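Protein chains: 4
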Amino acid sequence: MTETPNAATLLISCPDRKGLVAAVTDFLYKNNGNILQLDQHVDAEESAFFMRVEWDLQNFAIPRAEINAKFGEVAAPFQMTWQLHFSTTIPRMAIFVSKQPHCLYEILSRYHEWRVEIPLVISNHADLQGIAHRFGVNFHHFPITKDDKPQVEAAQLDLLAKHRIDLVILARYMQIVSPEFIGHYPQRIINIHHSFLPAFIGAKPYHSAHARGVKLIGATSHYVTAELDAGPIIEQDVVRVDHRDTVDEMIRKGKDVEKLVLARAIRHHLLNQVLVYGNKTVIFG
Amino acid sequence: MTETPNAATLLISCPDRKGLVAAVTDFLYKNNGNILQLDQHVDAEESAFFMRVEWDLQNFAIPRAEINAKFGEVAAPFQMTWQLHFSTTIPRMAIFVSKQPHCLYEILSRYHEWRVEIPLVISNHADLQGIAHRFGVNFHHFPITKDDKPQVEAAQLDLLAKHRIDLVILARYMQIVSPEFIGHYPQRIINIHHSFLPAFIGAKPYHSAHARGVKLIGATSHYVTAELDAGPIIEQDVVRVDHRDTVDEMIRKGKDVEKLVLARAIRHHLLNQVLVYGNKTVIFG
Amino acid sequence: MTETPNAATLLISCPDRKGLVAAVTDFLYKNNGNILQLDQHVDAEESAFFMRVEWDLQNFAIPRAEINAKFGEVAAPFQMTWQLHFSTTIPRMAIFVSKQPHCLYEILSRYHEWRVEIPLVISNHADLQGIAHRFGVNFHHFPITKDDKPQVEAAQLDLLAKHRIDLVILARYMQIVSPEFIGHYPQRIINIHHSFLPAFIGAKPYHSAHARGVKLIGATSHYVTAELDAGPIIEQDVVRVDHRDTVDEMIRKGKDVEKLVLARAIRHHLLNQVLVYGNKTVIFG
Amino acid sequence: MTETPNAATLLISCPDRKGLVAAVTDFLYKNNGNILQLDQHVDAEESAFFMRVEWDLQNFAIPRAEINAKFGEVAAPFQMTWQLHFSTTIPRMAIFVSKQPHCLYEILSRYHEWRVEIPLVISNHADLQGIAHRFGVNFHHFPITKDDKPQVEAAQLDLLAKHRIDLVILARYMQIVSPEFIGHYPQRIINIHHSFLPAFIGAKPYHSAHARGVKLIGATSHYVTAELDAGPIIEQDVVRVDHRDTVDEMIRKGKDVEKLVLARAIRHHLLNQVLVYGNKTVIFG
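Line by line, the protein sequences are chains A, B, C and D.
Per the numbering used here, the very first residue in the first sequence carries number -3; after that it's consecutive.
Per the numbering used here, the very first residue in the second sequence carries number -3; after that it's consecutive.
Per the numbering used here, the very first residue in the third sequence carries number -3; after that it's consecutive.
Per the numbering used here, the very first residue in the fourth sequence carries number -3; after that it's consecutive.
By construction, these hints were calculated from the structure, which means they are not laboratory data.
Computed from a predicted structure; not experimentally measured.
There may be inaccurate statements among the hints.
[To be verified] In silico EDC-like pairs for lysine to aspartate or glutamate, Cα to Cα no more than 16 Å straight-line:
hint, chain 1, residue 1, chain 2, residue 2
1, D, 276, C, 238
2, D, 249, A, 109
3, C, 95, B, 109
4, C, 276, D, 238
5, C, 14, A, 22
6, D, 95, A, 109
Bound conformation, chain A alone (with noise of 0.2 Å):
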């Protein structure tokens, strides 16, 4: 899994039938690609067919650019759907945030170890702007009324247009994204929620955990759609908790379990290891 300098990455679904594996590995084998990492997945309910392939571009005889015609021919018989991605393009980043600071910090403590520019942080809130500054990295501050809202949103897609964004992460924002901002970034924000999902969907989800009386709680990072909550999952943990535990500790706990989970989901997603179908991730890696 470590990250090769010059590498490209393949990942397919189309309906399930022989020979896609075969087909495949022969594209790349004749124009001497040699293979880093293979993974393959059948859902046999579905009948349908995932892959994921990451092969050295060194000696590769097809030049990047002719690749996804070149494949095309491969993938039309098979009705694949796909995406290329090469190692050496730098995603860039933007991250939404509100007043808790732990997901920031998490982030911006780590993409050093990423393949990943972040050139801003958006927040309805002030009060993370010193976290970001001290991290070089450029603040921009949305208050948001309710009546303000859509004008506030096209203002946000402004300023990640001017910054070709390609991915938002929405590190405990704490605001509900519009449909119409969602549509702008399809499977490309990235939401951390409080909650081992589909339990305590919604608002306060620790002081629902803490009225129930669970024994574990956790968090759940996914791609952001239009229903609530209710996108398709990338990453889940749970820590123990037990009565000692008061809603004020549930939401201590919990931090280190967002953080983490949110993490891990960015960093599949930077790996290009995610593969959305339905409402449902494969998560190759």
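Once you've looked at the hints, dock chains B, C and D against the given chain A.
Just chains B, C and D now, kept in the frame of chain A:
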């Protein structure tokens, strides 16, 4: 936590105020009772006090039959409610099953570890009769239809009464027990639900979990109350799943969690470590 | 991961080079084999390639008896070593136990889930005879002293041979098996060690764990090799302990981990998901 | 477990005998101290008694300066040793680092959650100076060679004394601290070791773990004693790895465990929840 041959346990609840621990420990000390284990919990929000204290009865100045009365004098000014248990009293437990054997096997293969007697297994299907007999436990087959449920439950209750049953375990019984039935065993019916409650209440939780694309599945053991899958939770745990896990795989992985979660819940109950308040549990130990 | 009635599995190792996956998948495709599962792993450091591929034999062009020879033509130029398994061949497994029943119970109560036959249980003590008989499995009592170990092992080997045993499980056998014995079942003896190896090798690991004051205890299932507790690890897991846990409590909690870890290891082996290389394992699945 | 603005905590050890809890709770009750949290533990094997009690100082009859003396009268007949802590006294903590930033980031980004001051970071390398400064913490660079270690440690001790440091954190410091140094901070130096001790003591534990083929890797936070990696363990945790994880992947995954385990250990210490006895810890909380 090893069990002493001759110990007593008090489980105490009352409104919180000063001097509660001192009053109880003083009572034991003055009567020559050596404390083996003491746990105490204050729910600050509810201003409620909970305590579990276990002490050696050897050399204890008060005869067993008089402890309740004598402790009543300590308890009265604090409005304490309490349960008194003796380690030498062996509880009697009935197991309700349906067709799946894993929880039944788990209980029967480990109950020599517990201080409990299991006079009978009850089922709405005959499938597991052989297993019960293999372990030398009586098996009673009560087929149930929509129409005769009240009569069947009445017959089951008769049988339980005849066998002086203290505790009922629903070990994947797959039947909803009526409020009348539950009323005979308040906080003495333990169920294992095959999901991480409150997610996936009701039937076929693994199918729902698979459809939602969760990355962890779980199991919940709880006291049965009139509201379905909503009683006080005793124990929960989870196991990781991924896109490769079909519903059948989830069911298979889930079984390991179910049986261990149920076994832990039963053990807590048998060791008198559980205090129910409202719809929650305090688990001491 | 659900099992198909009529499938074949190839487990392949060889030096890494281009075209390996393509060669294998091409072979299957051209012979009308539908791939059910394909996993591949490259150890870049060792420049070693590993692959597991499972395909449907229905409509496969090559008769079962000829697959090995035909695949040999594909394998030769790549210096592949391989194992070929058929899902219709049921392995035969012997269980070695001593006095503790939990692992034996676990195996016997779940082996209907596996494709395996268990013709016999062998023990150096008579304690668990009743359990084996309860499950309808033959029990052979081989008392062992320091002086007669070679003769006893020879007799055990005779019995295993007579029963055409493929796999030996040391389910808390508590005896060190000789290198001669091991030589008869290379990579086919699975042990469960009651610690998180390599911590606490040898006897009484829970006592050592308690003395060291660890906060987690574990269990390790591994193939047995001539060096004590040092063979290739198949599966490990842990459980949390704290200062309240006596040695006896650790033993009790540890049992739950031991039996599940052993069960998972056996399952991996039976599904032909394990490839041993050097002193390590690749677990596909 | 939420902290009260004005509370006191007693950590008590003594030989076990009757009346210990009664004596302490009586003392508090008679002096109008409301118990906020009481935990007690008996090590039956060692016949040792341990207790942590936290009470509200508001309305407590004894002035803070006299509590030690007054409690001494209670403690003497029982041969109690004890520590008395006030929630209003803020401990002062120094962090020793080397080149890896993850533990430093974790501490600096969360220490607003803790009652602690961090006057300085000390390192044998200059790499992390920017991070310390970013968080407004002084950074002191002490290069160390084999020859000047005693002088460097003496200078470090001077600096610690000057800053009235109570607690030293070795946050992946990668240097062995001398017994002389340790003697100045008995049970007040906390290290994070990047393995599940006692497995893989010493340098390069992830390399050893990879070579051994373990299926879980871990981290251990412990008090530093003269014997390397052998001090009383405060906290441990693990994370799953498999054959796909290279040494570099293990290092990456391990960092997440290391930083959380260290943060939990520091928190336990700062909340006065840790009692050391022999080479083990009692963790109340």
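(message) Output the indices of the hints that this structure fails to meet, ascending.
(response) Those not satisfied: there are none.
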